[in-house]
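Trainee: What follows is each chain in one-letter form.
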Amino acid sequence: MKIGIADTMFARVNMGGITAETIRQNDKEIEIERYVVPGFKDLPVACKKLIEEYNCDIVVALAWVGKEDIDEVCAHEANQGLINAELMTNKHILKIFLHEKEAVDDEQKQKEICIDRVRKHTLNALALVKGKTALLENAGIGKRQGYDDAGGIQ
Amino acid sequence: MKIGIADTMFARVNMGGITAETIRQNDKEIEIERYVVPGFKDLPVACKKLIEEYNCDIVVALAWVGKEDIDEVCAHEANQGLINAELMTNKHILKIFLHEKEAVDDEQKQKEICIDRVRKHTLNALALVKGKTALLENAGIGKRQGYDDAGGIQ
Amino acid sequence: MKIGIADTMFARVNMGGITAETIRQNDKEIEIERYVVPGFKDLPVACKKLIEEYNCDIVVALAWVGKEDIDEVCAHEANQGLINAELMTNKHILKIFLHEKEAVDDEQKQKEICIDRVRKHTLNALALVKGKTALLENAGIGKRQGYDDAGGIQ
Amino acid sequence: MKIGIADTMFARVNMGGITAETIRQNDKEIEIERYVVPGFKDLPVACKKLIEEYNCDIVVALAWVGKEDIDEVCAHEANQGLINAELMTNKHILKIFLHEKEAVDDEQKQKEICIDRVRKHTLNALALVKGKTALLENAGIGKRQGYDDAGGIQ
Amino acid sequence: MKIGIADTMFARVNMGGITAETIRQNDKEIEIERYVVPGFKDLPVACKKLIEEYNCDIVVALAWVGKEDIDEVCAHEANQGLINAELMTNKHILKIFLHEKEAVDDEQKQKEICIDRVRKHTLNALALVKGKTALLENAGIGKRQGYDDAGGIQ
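Chains as they are written, first to last, in this note's numbering: chain A, 1 to 154; chain B, 155 to 308; chain C, 309 to 462; chain D, 463 to 616; chain E, 617 to 770.
Chain A with its partners taken away, still in its complex shape (with noise of 0.2 Å):
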């Protein structure tokens, strides 16, 4: 098995290696393909050519999203594209994106947010690479990614 881990120039944290090294506490044998863009609008090609020219059975592509309105209207862009691609090359691509909106002006805040939601989707991407129910536990419980856990409504 083989994951792809893309990821850019423009995050201010280093997304594609807090997810490297998730992978390799997790799982010593699956391996890894890196690929490093200059900005979020580049991942989903990235992603699609991890895929199709370097075989990989699964995608997370790492996003960091700027707290303009244009920002925003990139991340749409960039998040079409990857449900674009994963249409194109039937497999999954995880769409990781920190949202500076989040926590505007709390960079240390972004910085926590942006790890918990990276290691928690880097380990649904190992669980998910293994079989469409391997998360079936998981299912409606009101999980989060950056936050805690929101609970499924009693």
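By construction, these hints were calculated from the structure, which means they are not laboratory data.
Hints may contain errors.
Only part of the chain B face toward chain A is listed, based on derived beta-carbon distances under 7 Å [stated by the list, open to error]:
id, residue
1, R166
2, N168
3, R188
4, P198
5, V199
6, G235
7, G285
Derived DEER-like restraints, expressed as beta-carbon distance ranges [claimed, not checked]:
id, chain 1, residue 1, chain 2, residue 2, range
8, C, A435, A, E137, 53 to 61 Å
9, D, E599, E, D643, 46 to 54 Å
10, B, V258, E, G767, 35 to 43 Å
11, E, D722, C, E415, 45 to 53 Å
If you want the ones that stay clear, here's a sample from chain D, every Cβ over 12 Å from chain E, calculated [claimed, not checked]:
id, residue
12, N476
13, I485
14, A537
15, K571
16, E599
Bear in mind that the values here come from a model prediction, so they are computed numbers and not experimental data.
For each residue, glycine too, the CB sits at the ideal point set by N, CA and C.
Add chains B, C, D and E to chain A, keeping to what the hints say.
Mentor: Chains B, C, D and E in isolation, oriented as in the chain A frame:
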């Protein structure tokens, strides 16, 4: 005939379980395939795989959308992806989304809308898979899922 | 020649029935295929199936859009999907949408706009299927469906 | 060489006629194919058909956009479809849109902007079809259609 | 290796010329193909043609976006098209957009941001075409184009 159920860890209600239960209460024979993903932006490729790799004839895609504006943007992206997946496969994917904005900060109401919508749309899926005029008698009469029917305008 | 009619259970007016009636009043020979889906986001794949699996030469897609902002987002998604379905099949799909926002809380006005729009666009479909210049004499003269014509600017 | 003209019944100015006239004033030999559709959301598939079924080398798509917000959403959908049609055919489709919002409630100004834009973009089409550097001398100098040129920044 | 440059008549700075100059200052051997279109919505198909018909290994798409809301919508459409072109070709297209909103009514500042962004992204293109880890040392350190780097969060 085979029906696919794709749902998420993010949802705060076991939407996939309710769907499976509703199917079995109404159809003892149709096969069921389940697929659980982290969040609803992962649903489009999961549904496409249910159709193309697991031979489902129809799929229900189950999403729980948070109350923030960014959640609504993600829901828009997921819906676009699901419609694209339908166009690529010529199969229906029922897009069953609960939006927290429908009942902000009222968890019990959210759960109630969600369950009603899931149950009614599961019945729609069981009808729709039988053919293009199976729902003909209900055309243009203001049916609603999650709420009481609006009814036709006299 | 064969014309497809795709409509919904969600609509509060029998848009599909009015279309079928208008076709028969104006063309006794063209074949009609009907497809009824739950909501208008289900229309794109239904229209594509009418073209590819039922050999329709043209399709009318009939949608009734609720008054909430989320309904408008869904209408946007449906329109994008319908245009994509046209591009994938090289056939016209007339996109006939009634938006409740056009006459908020005035059901009779909504119904009146809807019926006028459906009837006029059905005639457009019957013309358009005959060839690319069948509507030439009406080019650039401000035709409207659902309302009086705006007319050309002198 | 063959140029396609796709326009609408919705437009309040005979945009297709002005295009045809401008072509003939500047090029006596290029063949012209005309396609008239009801509204501008019907343009993408019409343009694709002009390219694939009528062998046009380039197409001008002519749209008149109403002043309401819903009209702008439709214009966005049409533009996305036109760009997709270009990507599917590897041919240029010039997207010539007059927005009533450019001169709200001033019909004469709308008509004036429209005619100027149509004429200038028709000349662009006649140049662009000749090759990828036919417009090189105009690169980066702030050309505008519908208005006076903005010019380059010194 | 061959690099494509696609730019517009609409831009108020010679973005294509600056790109070509920057390439030559840093790489004497890579071939250059230039493509000039009227406006930035014409860029997606131009870039796809540069890749498929002119065999470019990477493309830089250069856009100048006006200050009106409609210009921002067009920029969104162009970006979606460019990402789709990347997914259809498995080649990178660097999307280099100057938005007048970044420095409203300050032409000199717009020009300054534009030139900085074009130069830095041209270097990114020259690196990226060499392979997927050519930019690895810059991952996650908050690089910016058009502005000073944001830097990584400590």
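Trainee: Compare the structure with each hint and give your call.
Mentor: So, going through the hints one by one against the coordinates:
At about 4 Å, the closest approach between the beta carbon of R166 (chain B) and any beta carbon in chain A falls short of 7 Å, and the interface hint on this residue holds. The criterion of a C-beta within 7 Å of any C-beta in chain A is met by N168 (chain B), whose closest approach is roughly 4 Å, and the hint holds. With a least beta-carbon distance of about 6 Å to chain A, the hint placing R188 (chain B) at the interface is held under the 7 Å criterion. For P198 (chain B), the shortest C-beta to C-beta distance to chain A is roughly 5 Å, which falls under 7 Å, so the interface hint holds.
Taking 7 Å as the C-beta contact cut-off toward chain A, the hint placing V199 (chain B) at the interface holds, the least distance being around 4 Å. Of the supplied interface hints, the one on G235 (chain B) holds, with its beta-carbon coming within about 4 Å of a beta-carbon of chain A, less than 7 Å. With 7 Å as the threshold, the beta carbon of G285 (chain B) stays out of range of chain A, its nearest partner Cβ sitting at about 26 Å, so the hint is violated. Between A435 (chain C) and E137 (chain A), the C-beta spacing of about 58 Å keeps the proposed range 53 to 61 Å intact.
Take E599 (chain D) and D643 (chain E): their Cβ atoms lie about 26 Å apart, and the range 46 to 54 Å is violated. Taking the beta carbon of each, V258 (chain B) and G767 (chain E) are about 38 Å apart, inside 35 to 43 Å as hinted. Separation of D722 (chain E) from E415 (chain C) is about 52 Å and conforms to the stated range, judged on CB atoms against 45 to 53 Å. Residue placement check: N476 (chain D) keeps its beta carbon more than 12 Å from all beta carbons of chain E (closest about 22 Å).
Here I485 (chain D) stays apart from chain E, with its beta-carbon at least about 16 Å from theirs, past the 12 Å limit. The claim that A537 (chain D) is not at the interface with chain E is violated, since a C-beta of that chain comes within 12 Å of its own (minimum 8 Å). With a least CB separation of 16 Å from chain E, K571 (chain D) remains clear of the 12 Å interface cut-off, as annotated. The non-interface label for E599 (chain D) is inconsistent with chain E: the shortest C-beta to C-beta separation is roughly 9 Å, within 12 Å.
Consistency note: the structure conflicts with the earlier hints numbered 7, 9, 14, 16.
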